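Guided by the hints, dock chain B onto chain A, whose structure is given.
Line by line, the protein sequences are chains A and B.
Mapping to our numbering: the first sequence position 620 is 1372, numbers consecutive.
Mapping to our numbering: the second sequence position 78 is 832, numbers consecutive.
Derived by calculation from the structure, the hints in this document are not laboratory data.
Fair warning: this is a prediction, and the values are worked out from it, not measured in the lab.
Glycine included, every Cβ here is placed at the ideal spot set by N, Cα and C.
Treat the hints with care, as some may be off.
So these bits of chain B aren't anywhere near chain A, every CB distance computed over 12 Å [unchecked claim]:
hint	residue
1	I821
2	V840
3	G851
4	E855
Some chain A residues close to chain B (C-beta under 7 Å, calculated; not the full set) [stated by the list, open to error]:
hint	residue
5	N799
6	G805
7	R815
8	V816
9	A822
10	H971
11	A995
12	H996
13	S1417
14	R1419
15	D1422
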Amino acid sequence: MAYGKEWRVKRSDGTVATRSNTWSPPGSHPVGYGVKVITDGEGMDANLIRIEGDDDNPITTGRVNAMNLALREYTYAPSRIIHPMRRAKEDRGRDKWEQTSWDEAIDTICEKVRYFQNTYGPESIVCFGGTGREACIFYYALTFSVLQSPNCCYTQSGWSCYGPRCSIADYVLGAGYPELDYAGHLPGSYHDPAYTLSKWVVVWGKEPLPSNGDGFFGHCLVDMMKLGTKIISIDPRITWVGAHDGNINLQVRPQTDTALALGIMNLMFENDEYDKEFAEKWIYGLDEVKARAAEYPVDKVAAITTVPAEDIKRAAHIIGTERPIGWAWGLAFDQNKNGVQLSQAFIILAALSGSIDRPGGLTLGPPSALLGKWRMNQRGAMDDSVWEKRIGAAAWPGLSTGMATTQPDETLNTMESDEPYALKMGWFNSSNFLTPTCSAQPKRWHKALQKLEFVVIQDITMTPTAMAVGDYFLPMATWAEHTGIVLTHYGRNTVFMGPMNKALQVGECVSDVQICLLFGQRLNPEWYPWYKPADEHHVDWDLLEQATQDFYSDQLKELGYDWKSFQELGIYQPGAHGFEYEKYEKGMLRFDGEPGFNTITGQIEAYSILYESWGEDPLPYYEEPNYSPYSELRTDEEKEKYPLITTSGSRRYSSFHSEHRHVPSLRQIDPWPWVQIHPETAQEYGITEGDWVEVYNMFGEARFKAEITPIIKPGILNCAHGWWFPEQDGEEPNLFGVWKSNFNSLVPHMNIGKLGFGAPYKGVMCNARRVRSLDQD
Amino acid sequence: MAQKYALLVDYTYFSGNHAAEIACKEELGLPLEQWGIKEVQVGPFKKGDGNDGDAWEWFYIPCPTSIFSEHWGTNGDKAGQRPLAVQVEESASMYYGTLEEMQAKMAEFDRPMVLFQL
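So here's chain A without its partners, still in its complex pose:
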């Protein structure tokens, strides 16, 4: 079932249109916007003219987001690095980079890798991966089968992005990532006969329109609202989606969501308003969780969450009685010390509303499939004796069972203490984590990273992180410049897959898989058979492109395609290839082929056997955040000094976290870091619109420009994240101003849940004061 069109067409005006699907770089989740890349020709000399939409894509239907439309600016940005660079170790922090060749870079880096492997063991090499991007498939492979180290690290304290939700889904639900059913997997979209439109969608701790989290095309919510879907929005803010007629807003105090979930659950039980047939058949621990929920009567929950009891009752009644109920859960489930319980409660609520793997509810995928499965299989490249050295794995089984990485907080501890062993070499696979996205206490990381004897950076432009610690810089190709496959949810619920068709070449940039092929061929050829140059000391570019296509052909075999036929296909939707709802009824979720869920009990574990085995309460519970003005753990003095609460991490259309700050048309949309403040709070603190404000607490401080708005409650702030200033001095100590508006300075290190997941990026106590500017008090 192709689109019935060529994937590359020469137009009458001489331009060439290459059909493709977006991913990264530049940063993006695997949304796979269907696009046409317009160039002035074909081959090595083609120049990018612009990005257009592809009307034939059944999900995005021609639509493209602002960041991808600005790809031309990004592609030809003066600050982009398009050749390999190197710098002497003593010049770290100084702009002393010099261009080198790929042949030299590969020879030197491979020599260094061999040295550290042989002298200190492969575990002395750590690989850092960034968030959301295509590298999320390949940084695991780079670590495990290229460098053969067990230390693959996502540096975010408590692994606080997507990983916790996936792990909890695996433990409690026995399935891949449950995603709102927006008919993306069905060729007929919303009008497909297999689909039923959600009557209500609970959008919880998520703003998918700008964020497109995990590859879910967020504007599907607008499509659904146009067709009649109503929204229950659970967020500390009023969102634009929530501010539509007929929608309900539960404006929850940051980090108290688990209490709200238990309160809603209790009302559903009390009022006998839930899917009893499903619950009795498929929920393990139903009586126990009923008893637990009874500890959260609505008035108590209203007091904790600041959501009026009447609004909670209305929401619980809708969730209990209307069908189908769709669910969209977001980053707020991960960035919360109590988030493991929140995710567990969320899955129970979805089960009680009869939403699991039903039309208009939540779809389920396997725990990992396709490229997602390949990345996990790379672990096999190490002996068990090496794998057992994975940092934090033994101490945090609740994390290391679900995730193949290190425990992030333990990784910083190891780097600071050299216990149980010293890390010697670092490889940053597209992660700029000193800039406030993927780390807590970045100044500690900055100091610890300096201990690494050798550091390789893969990125697209000089970042504060690269400037601070890089020794080699390898330039990356954008999604329009490389061959690849985009699949939503990294294989944990492949709503669709599409080809990324290479439309142009810029400088000597390569893709993530090509880094694996280039270095894998030298360091572990048995695992990288696709690329075999005649002279291993000289890159054969034509052969590398063929090897890339051969790699994808092998990945596609299980679906019955190769790279060429997949390019012709244009898009793969499971709905056209045997997708079914209610897989738990049909023996399609468990490895043994029996009906049920792939958990120990075969049911959805409201009472989690695994949590219990790891020393955690098997049932969901609410815990007051530790750094809150309401916490019993804080002194009166601390509460007086830091009476406000700030959340963070919300997305806008102008950037992907720390990326795109150097792209003029996007920077023009949001030129400065911002903090949202309620008018009453602003007045109390003497702050007016546009003032510079310093937000600070016991851990750190950061500066933002005030946006005064009623969408947030008095006493609550919402701070921007991901800020640095590419136009400023890049050298130490300024590092492009990375410390000036660094929200993650306010987030504690290792304030995480018992399983090792969840840090309070979305709710810490703080204070605020007006200052003269970014640099002046």
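Below, chain B without anything else, positioned relative to chain A:
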């Protein structure tokens, strides 16, 4: 009389996603300080009791500038061709065509709409 063209906006659902702004800059090769489409924001402000969506006012309108009209209005070099901005806009809430087509389109909706005659 020369053919007239119009831009219709379903502003209840136009999400303020900036795609149309960037698309116009790209399609027309405009410098940074010029726009073919520029979004304006109204709200958010509270207009009623409670906290439901009905109690809030918050919308955006993508405004076509004279630069846009020169290209896609009467006798424009792109008159009658769908603007990239209309194709890519993420909430699929902008429509372009002849004035007659857009008037007919507007009548299909039972909610407030904005019709720009270019």
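Here's how the hints hold up against the structure:
1. I821: Label holds. Min Cβ-Cβ 15 Å, cutoff 12 Å.
2. V840: V840 (chain B) is in fact no farther than 12 Å from some Cβ atom of chain A, at 9 Å.
3. G851: 16 Å, holds
4. E855: Fine: 18 Å to the nearest Cβ keeps E855 (chain B) off the interface.
5. N799: Result: violated, 14 Å to nearest chain B Cβ.
6. G805: Holds, because the Cβ-Cβ distance from G805 (chain A) to chain B comes to roughly 5 Å (cut-off 7 Å).
7. R815: 5 Å, holds
8. V816: Since chain B brings a Cβ to about 4 Å from V816 (chain A), closer than 7 Å, the hint holds.
9. A822: 5 Å, holds
10. H971: This hint holds: H971 (chain A) lies near chain B, its Cβ roughly 5 Å from the closest one there, short of 7 Å.
11. A995: Holds. Min distance 4 Å.
12. H996: 4 Å, holds
13. S1417: With Cβ-Cβ at 6 Å, under 7 Å, it holds.
14. R1419: 9 Å, violated
15. D1422: This interface hint is violated because 10 Å lies over the 7 Å limit.
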